[in-house]
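Colleague: Top to bottom, those sequences are chains A and B.
Residue numbers for the first sequence, in numbering that gives the first Met the number 0: 0 to 318.
Residue numbers for the second sequence, in numbering that gives the first Met the number 0: 0 to 422.
Be a bit skeptical, because a hint or two may be false.
[Unchecked claim] With the Cβ distance kept under 7 Å, some of the chain A side facing chain B (calculated, not the full set): (1) E183; (2) I267; (3) G268; (4) W283; (5) S284; (6) F287.
If you are wondering where the hints come from, they were derived from the structure by calculation, not from laboratory data.
Positions of the beta carbon are idealized from the N, C-alpha and C atoms, including for glycine.
Listed below, chain by chain, are the residues.
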Amino acid sequence: MKRKRNIVSLLTALSFVVLAVTGILAFARQFSIQLVGLHALMGFVFIGLIALHAVNNSNHLSRYIRTKAIWGTLVVTATLTVIFFWQPAPIRNILRLSKNLGPAIDRFEIQDDGLVYQYTPASNYRMKLNIRAGQAFDAKSPPHVAIWLENASFYHIKTLRGPDDLGAGRTSLPYWDFKVRGWEEAKQAAENSNREISEQVEVDGLSAATQNSSFDPADYVLPGDRDNPMPYRLLIEIEQPDDDQPSLVYSVEIDNSTPRAFQLLDLIGYPKREEDEDQEKEVWSLYFVDERFNSALELINSALLTINRSEEPTEPLKP
Amino acid sequence: MTDSTHDNDRRNFLQRSVFGTAAASLAIASTSHVTAQTAHDAAEPEVTNEVDVLVVGGGTAGHVAAIQAGRAGAKTLIVERGSQLGGTTTTGGVAFPGLFDAWGKQVIAGIGWELVRESVELDGGKLPNFSKVPQRHWQNQVYTNQFLYAILAEEKCAQAGVEIAYYEFPQAITKAGDHWQVDCVGFGTRRRVRCKQIIDCTGGAELVGLLGFPRMREEERQPGSFLYKLGSAPSPGREQLHRLYVHGADSSNSRTATVANLTGRKSILEKARKTGQRLMHLQPETGFRESFRIEGETMITVNDYTSGRIFDDAISYAFYPVDLHTKTGVKPKPLQRGKVPTIPLRALIPKGSRNLIVAGRCVSSDRLANSGLRVQASCMGMGQAAGIAATLAAKAGTTPLEVPFAEIKSLLIEHGQIVPGQV
Chain A
0 MKRKRNIVSL LTALSFVVLA VTGILAFARQ FSIQLVGLHA LMGFVFIGLI ALHAVNNSNH
60 LSRYIRTKAI WGTLVVTATL TVIFFWQPAP IRNILRLSKN LGPAIDRFEI QDDGLVYQYT
120 PASNYRMKLN IRAGQAFDAK SPPHVAIWLE NASFYHIKTL RGPDDLGAGR TSLPYWDFKV
180 RGWEEAKQAA ENSNREISEQ VEVDGLSAAT QNSSFDPADY VLPGDRDNPM PYRLLIEIEQ
240 PDDDQPSLVY SVEIDNSTPR AFQLLDLIGY PKREEDEDQE KEVWSLYFVD ERFNSALELI
300 NSALLTINRS EEPTEPLKP
Chain B
0 MTDSTHDNDR RNFLQRSVFG TAAASLAIAS TSHVTAQTAH DAAEPEVTNE VDVLVVGGGT
60 AGHVAAIQAG RAGAKTLIVE RGSQLGGTTT TGGVAFPGLF DAWGKQVIAG IGWELVRESV
120 ELDGGKLPNF SKVPQRHWQN QVYTNQFLYA ILAEEKCAQA GVEIAYYEFP QAITKAGDHW
180 QVDCVGFGTR RRVRCKQIID CTGGAELVGL LGFPRMREEE RQPGSFLYKL GSAPSPGREQ
240 LHRLYVHGAD SSNSRTATVA NLTGRKSILE KARKTGQRLM HLQPETGFRE SFRIEGETMI
300 TVNDYTSGRI FDDAISYAFY PVDLHTKTGV KPKPLQRGKV PTIPLRALIP KGSRNLIVAG
360 RCVSSDRLAN SGLRVQASCM GMGQAAGIAA TLAAKAGTTP LEVPFAEIKS LLIEHGQIVP
420 GQV
């Protein structure tokens, strides 16, 4: 009997260690189905072990319940539950430290049949990107992927998903990197000059209707002025590290004034650094894909963007 | 169909052009001299021409049509109401022609592209790289020196044996047997032209209207653009000019065009007074976007256009967004990836007509399709095809629509044009 108790206690302690480690990692790292799956399933095992542990120690437990401390512990537990569920500003600030807020905000999964990305910036707005794997896609050696938003003047406004390996990703996804650096430079210049970021970049004045006034993603994704929504673009850059072919860029324009639930992304081209010596800064442009490309074109079979919009606007989950 | 004096004329023309260009380059520092050749019929108030092909209008489509007809062996006369060739590219100042490419490949070439390319090369400019993905549709339009373009167009007309008649416009057209008789008036001149084929490149299908064939026109036209430069000197072939939208601009006739020009110039004068900036450049007239369109043997609908329908008798590709300008500006609707519209020969033939073909923005099309078809590269493509069709019809003694399409297609390819379904 005593041996059984020892086994249950040890299993409970070890499963708690696994739960604690996976819980911290799940908070600190981007969403991973392996990590969250391990945490959840080990949680069920832990519940069973706790039940056995409670039975084994029922005498001690019943004595604890009969002490006055029970009321204090109940109050503390109830208070924490209410606060964590209600999530006032300080609690939300702590949650923002997490890189994995699960499906509430942002979720990325690599599966055998492709990649799934979900972005839910408000309760009435859910974006889902299904990237269906092509023949060259290998989930065991997944490609570098970046997903980002650009405004109507082709300026990066938000990276939704950067590469897991940032160092290697910046090299293998040069177009995304170029766009992000441009954005960071504009931000830095704005901070130095106390001007708005939108004033830092050259506004295209040649063609009309290039809404470029805002660099706040919320103004595009969740437009406050429903009569004047601003179109924006979602882009993917994808590269298979070992195929000796440049990355490819796919894109789709999203216009909330003519909302569409389903949109397929188009292959736009591949990035190439401009060799014009007149260019003072490093500039990357996209070029049409030519006959040199083969396996890179087989990474993605299709990329489908689905946006669910409900009528009633609600407060964004994330400012 | 060739004139024995053409070689002599060509030499004289080239000499004049070379001297003229040299004179222009030295104009600020000194005055140079060149003597215009005396026109052999200058003293004659009335002249008569017998030609195979008469091209009316020397604009975007017209000069290409005339050069093509001349090169294909037709005795050709081009009549232009203004003082130079090139139309919107030169007189209108939209020296930014396009689009010659679609989705990474060139889709319109031929004489129009030859002129643009040579203008850019002579000007030391830069041609766009068509393999580069344009972020905006206009990024592969070509910065062109409007002045060089106009002179090169004249040179190519001369080389092709095309006679140019500036400051003239047809007043009356009658059918005389198997010929057209077209009476033109200039200042101090009258010209009677007997021709086998007419190519109407007036923009608003003026001859089609004179002949009584039906035309279409919207109740309200898209705004025109008056191009100018305030403050700093313009840099031809390197940048665009300032643009003034002239709402209500209408090129339907000389009175409406006059009103548009007066309105535009008055507004630019106000700007100069208000800003205190120097007026450094002003085009001679408004660039008009639309007036009349013909009712053709077929009509290109916006659905044909956006779906990239390949017509059986397609003579040229076209590529531009649906681009309807309004009082509040323009929001171009890009074509879907991979779609490249085409232009059928039948859309250039006024319904029920014979020995008459049009080229340019008056192509038979609905308004939205026309908003994409009206741009320069497409009009050049139409012009070249019209030049071929009219020449072959004149040679065969028939009408353009009865020329075997394979012959038109073959000759277009021979003259450097890209024809849908070519490969």
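Colleague: Hint by hint, say whether it matches the structure.
Modeller: Outcome of the hint check:
1. E183: Result: violated, 20 Å to nearest chain B Cβ.
2. I267: holds (6 Å)
3. G268: holds (4 Å)
4. W283: Violated. Min distance 11 Å.
5. S284: Result: holds, 6 Å to nearest chain B Cβ.
6. F287: holds (3 Å)
Hints 1 and 4 from the earlier list are contradicted by this structure; the remaining hints agree with it.
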